[in-house]
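Chains A and B, in that order, give the protein sequences. The first sequence: position 368 = 368 (our numbering), numbered continuously. The second sequence: position 104 = 104 (our numbering), numbered continuously.
Simulated from the structure, these hints should not be mistaken for laboratory data. Treat the hints with care, as some may be off.
[Stated by the list, open to error] Stretch by stretch, here's where chain A covers chain B in the computed footprint (C-beta under 8 Å, at least three residues):
| # | stretch |
| --- | --- |
| 1 | 38–47 |
| 2 | 56–70 |
| 3 | 77–88 |
[Unchecked claim] Think about it this way: if two alpha-carbon atoms lie no more than 30 Å apart in a straight line, the pair counts; the simulated DSS-like pairs of lysine-lysine are:
| # | chain 1 | residue 1 | chain 2 | residue 2 |
| --- | --- | --- | --- | --- |
| 4 | A | Lys-41 | A | Lys-115 |
| 5 | A | Lys-132 | A | Lys-81 |
| 6 | A | Lys-115 | A | Lys-135 |
| 7 | A | Lys-154 | A | Lys-135 |
| 8 | A | Lys-115 | B | Lys-39 |
| 9 | A | Lys-132 | A | Lys-265 |
| 10 | A | Lys-327 | A | Lys-351 |
| 11 | A | Lys-81 | B | Lys-39 |
| 12 | A | Lys-367 | A | Lys-295 |
| 13 | B | Lys-39 | A | Lys-83 |
| 14 | A | Lys-117 | B | Lys-39 |
| 15 | B | Lys-162 | A | Lys-81 |
| 16 | A | Lys-46 | A | Lys-132 |
| 17 | A | Lys-220 | A | Lys-154 |
[Said to hold, decoys possible] Ranges between beta-carbon positions, derived for each pair:
| # | chain 1 | residue 1 | chain 2 | residue 2 | range |
| --- | --- | --- | --- | --- | --- |
| 18 | A | Glu-177 | B | Arg-129 | 48 to 54 Å |
| 19 | A | Glu-181 | B | Gly-174 | 19 to 25 Å |
| 20 | B | Gly-174 | A | Thr-15 | 41 to 47 Å |
Since the structure is predicted, the reported quantities are computational estimates derived from the model, not experimental observations. Cβ coordinates follow ideal geometry from the N, Cα and C atoms, glycine included.
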Amino acid sequence: MFPVTTLLISVGAITAVSTFLAILMVIADATIANYGEVKIKINDDKELTVDGGRPLLSTLMGEGIFIPSACGGRGSCGLCKVKVTSGAGQYLPTELPWISEEERAENIRLSCQVKVKNDLEIWIPEELFYVKEFKAKVARIRDLTHDIKEITLKLVEPPEIQYKAGQFIQLQIPEYELTEEPVYRAYSMSSCPCKRDTVELEIRYVPNGISTTYIHKYLKEGDDVIFNGPYGEFYLRNTERDIVFIAGGSGMAPIKSILLDMAEKGINRKAMYFFGARSKRDLFLVEEMHEIEKKLPNFRFIPALSAPLPEDNWEGETGLITDVVDKYLESGDNVEAYLCGSPGMIDACVKVLTANGVPEELIYYDKFG
Amino acid sequence: MNPSVYPVAIFFAAIFTNNILLTNYLGMCSFLSVSREIKTSLGLGAAVIFVMAVTSALNWIVYEYILIPLDLTYLRYIVFIIVIAAFVQIVEMIIERVSETLYAALGIFLPLITVNCAILGASLFMVIRQYNFLSSFMYGFGSGIGWSIAILAMAGIRQKLKNAKIPRGLEGAGITLIITGMMALAFIGFTGMIKIS
Ligand SMILES: Cc1cc2nc3c(=O)[nH]c(=O)nc-3n(C[C@H](O)[C@H](O)[C@H](O)COP(=O)(O)OP(=O)(O)OC[C@H]3O[C@@H](n4cnc5c(N)ncnc54)[C@H](O)[C@@H]3O)c2cc1C
Ligand code: FES
Numbered sequence: 001m002f003p004v005t006t007l008l009i010s011v012g013a014i015t016a017v018s019t020f021l022a023i024l025m026v027i028a029d030a031t032i033a034n035y036g037e038v039k040i041k042i043n044d045d046k047e048l049t050v051d052g053g054r055p056l057l058s059t060l061m062g063e064g065i066f067i068p069s070a071c072g073g074r075g076s077c078g079l080c081k082v083k084v085t086s087g088a089g090q091y092l093p094t095e096l097p098w099i100s101e102e103e104r105a106e107n108i109r110l111s112c113q114v115k116v117k118n119d120l121e122i123w124i125p126e127e128l129f130y131v132k133e134f135k136a137k138v139a140r141i142r143d144l145t146h147d148i149k150e151i152t153l154k155l156v157e158p159p160e161i162q163y164k165a166g167q168f169i170q171l172q173i174p175e176y177e178l179t180e181e182p183v184y185r186a187y188s189m190s191s192c193p194c195k196r197d198t199v200e201l202e203i204r205y206v207p208n209g210i211s212t213t214y215i216h217k218y219l220k221e222g223d224d225v226i227f228n229g230p231y232g233e234f235y236l237r238n239t240e241r242d243i244v245f246i247a248g249g250s251g252m253a254p255i256k257s258i259l260l261d262m263a264e265k266g267i268n269r270k271a272m273y274f275f276g277a278r279s280k281r282d283l284f285l286v287e288e289m290h291e292i293e294k295k296l297p298n299f300r301f302i303p304a305l306s307a308p309l310p311e312d313n314w315e316g317e318t319g320l321i322t323d324v325v326d327k328y329l330e331s332g333d334n335v336e337a338y339l340c341g342s343p344g345m346i347d348a349c350v351k352v353l354t355a356n357g358v359p360e361e362l363i364y365y366d367k368f369g
Numbered sequence: 001m002n003p004s005v006y007p008v009a010i011f012f013a014a015i016f017t018n019n020i021l022l023t024n025y026l027g028m029c030s031f032l033s034v035s036r037e038i039k040t041s042l043g044l045g046a047a048v049i050f051v052m053a054v055t056s057a058l059n060w061i062v063y064e065y066i067l068i069p070l071d072l073t074y075l076r077y078i079v080f081i082i083v084i085a086a087f088v089q090i091v092e093m094i095i096e097r098v099s100e101t102l103y104a105a106l107g108i109f110l111p112l113i114t115v116n117c118a119i120l121g122a123s124l125f126m127v128i129r130q131y132n133f134l135s136s137f138m139y140g141f142g143s144g145i146g147w148s149i150a151i152l153a154m155a156g157i158r159q160k161l162k163n164a165k166i167p168r169g170l171e172g173a174g175i176t177l178i179i180t181g182m183m184a185l186a187f188i189g190f191t192g193m194i195k196i197s
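With the rest of the complex left out, here is chain A:
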């Protein structure tokens, strides 16, 4: 056969087969896989009308509702949980490893695995409506102590963030030596929410920690970072009660944010802030705290060292933070408390506070575990 004819026939045949199959696929996509417009009812309140056929996670993202997710919808992080009370069908095998018995009873699903095929009813925490993904630049890195760094992030896109003082964000750590895929870690914002275009974090080095090693050893000023947020229930409640703050180490971060916010708004409730450290070299931002004392006459900062060194010449409180709190607290009846730090410290402090009469439901805390 003449080569040109062969060429034409082979090209023609491949084209014909491909075209036939392509047409078949287009028809299938427009008929079988077309779920049309679908309504998603959120919290029995909002109603979205969306095109069906895609996973719930990306459908919601398309509507500007950002569900936490660390794996980009591959079903390998288990973070994208959402309560779906109707329309989601049965659990898929890809969801089950992440869903506990209790969550199953509550219809908690992985939103990246649930496909939007018909009308859905879902429940998500109010504050997720305000959660976004942010691109930012590292504007400044400063040592607060030998193992805590303050990272200042300047927002790029979107240029502003709105949050309640005390809330945290999830910072993305890119793949590097210690991790093969990006990971997310929670960090409380330590800056004043009134500064809409910057976010400050206080990050304590954890030996061999994936995220903290990256931040302490690799992150440089000028680098781009990605985070999402804000999240969390750790913020000042609007009451008339006296306030007890207790923190250790990087637990300073959210409480500093709350204090800056109080100073900015002139919330002059009676407040005591107990900050626990081992020795003077673990103490930081003392000056800033005394500045706030000047702006808020009813506020007192009480740092306590558990093991001061002789050269510290320490004249303030010494001993375990629990003992110091016990000493200062006269009666817990009119107190609400905000604690932040390691799980061990928080558990010990909750015991002391309740023993002094602080109602347990008015003790708020973020465990940095």
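Given the coordinates of chain A, work out where chain B with the ligands should sit on it, guided by the hints.
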């Protein structure tokens, strides 16, 4: 051999003596990554059986009635791949639409096997060995079953391995490949039981 029992012989040969995974080492990627649990292996196995059986038959038709008459048999690689991909995609759409249960059990595995080389392998072998339509179908069907038996056996072994002490460098794919080799050796025991060309 009596030609009428030939397809049946091919069916059994594809399962035991000519197991596509254990004698040809095809379809290794999904075999290694999905053989961690019996339940998921079962789902994937079922999907492979179905897709292999049907695509072998489909590709036989395409080969016999399009490629041979046009003298284009050398295009079979491309054409077979396109046919398999389109078929898998459409079946996934249909399953997702019609049956939730079936989708949960089988559908989610379909995208995983579009690129499973065992499936293309089955279509190519049937051409090389010049099977007729029924034999091709039986060969695809049997190969799917053979592949599923292999992955199920591996999943069973790997569930036991969870409690075993394995040298660090061999964890995961390493030990799985060694065990696959041993399983392949065991399957050599079937050689000679059935002879197919
Ligand atoms: C709401 C919230 C707010 C937070 N805010 C702050 C903040 O403001 N500042 C701050 O510094 N931190 C904060 N944290 C803690 C922070 O999110 C990280 O947990 C912390 O920085 C450690 O992260 P990492 O990736 O460096 O450590 P990881 O890599 O997660 O490891 C943590 C520790 O566990 C050990 N470890 C890890 N994996 C294993 C394993 N498989 N077996 C045994 N040991 C293991 C590591 O050696 C290390 O000691 C907050 C946490 C929460 C939940
Ligand atoms: S987004 Fe990671 S499991 Fe859904």
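_Holds or violated: Lys-46/A to Lys-132/A, with C-alpha atoms at most 30 Å apart_ = Holds, because 18 Å separates the two Cα atoms, which is no more than 30 Å.
*Hinted pair Lys-41/A and Lys-115/A, Cα distance within 30 Å*: holds, 15 Å
*Hey, Lys-132/A versus Lys-265/A, does the alpha-carbon distance stay inside 30 Å?*
Judged against 30 Å, a Cα distance of about 25 Å means the pair holds.
*asked:* For a C-alpha distance cap of 30 Å, please report whether Lys-154/A and Lys-135/A respect it.
replied: Measuring from Cα to Cα gives roughly 9 Å; hence the hint holds.
_Can you tell me whether the CB distance of Glu-181/A to Gly-174/B sits inside 19 to 25 Å?_
holds, 21 Å
*Is the hinted pair Lys-115/A and Lys-39/B satisfied, with a Cα-Cα distance of at most 30 Å?*
holds, 22 Å
*Check, residue by residue, whether the stretch 77–88 of chain B contains three or more positions whose beta-carbon lies closer than 8 Å to a beta-carbon of chain A, and give the verdict.*
Holds, because 5 residues of the stretch 77–88 of chain B bring their Cβ atoms closer than 8 Å to Cβ atoms of chain A.
_Hint check: Lys-115/A vs Lys-135/A, CA-CA at most 30 Å. Holds or violated?_
holds, 28 Å
*Below or equal to 30 Å on CA atoms is what counts here, so check Lys-81/A against Lys-39/B.*
holds, 23 Å
*Pair hint outcome, Lys-39/B versus Lys-83/A [Cα-Cα no greater than 30 Å]*: Holds - the C-alpha atoms of Lys-83/A and Lys-39/B are around 26 Å apart, at most 30 Å.
*asked:* Cut-off 8 Å, C-beta pairs, minimum 3 residues; does the coverage of the stretch 56–70 of chain B by chain A stand?
replied: The restraint on the stretch 56–70 of chain B holds, since 4 of its residues have a Cβ under 8 Å from chain A and three suffice.
*Go check the stretch 38–47 of chain B versus chain A for me, would you? Three or more residues, Cβ under 8 Å, otherwise it fails.*
holds (count 3)
Taken one by one, the earlier hints all hold for this structure without exception.
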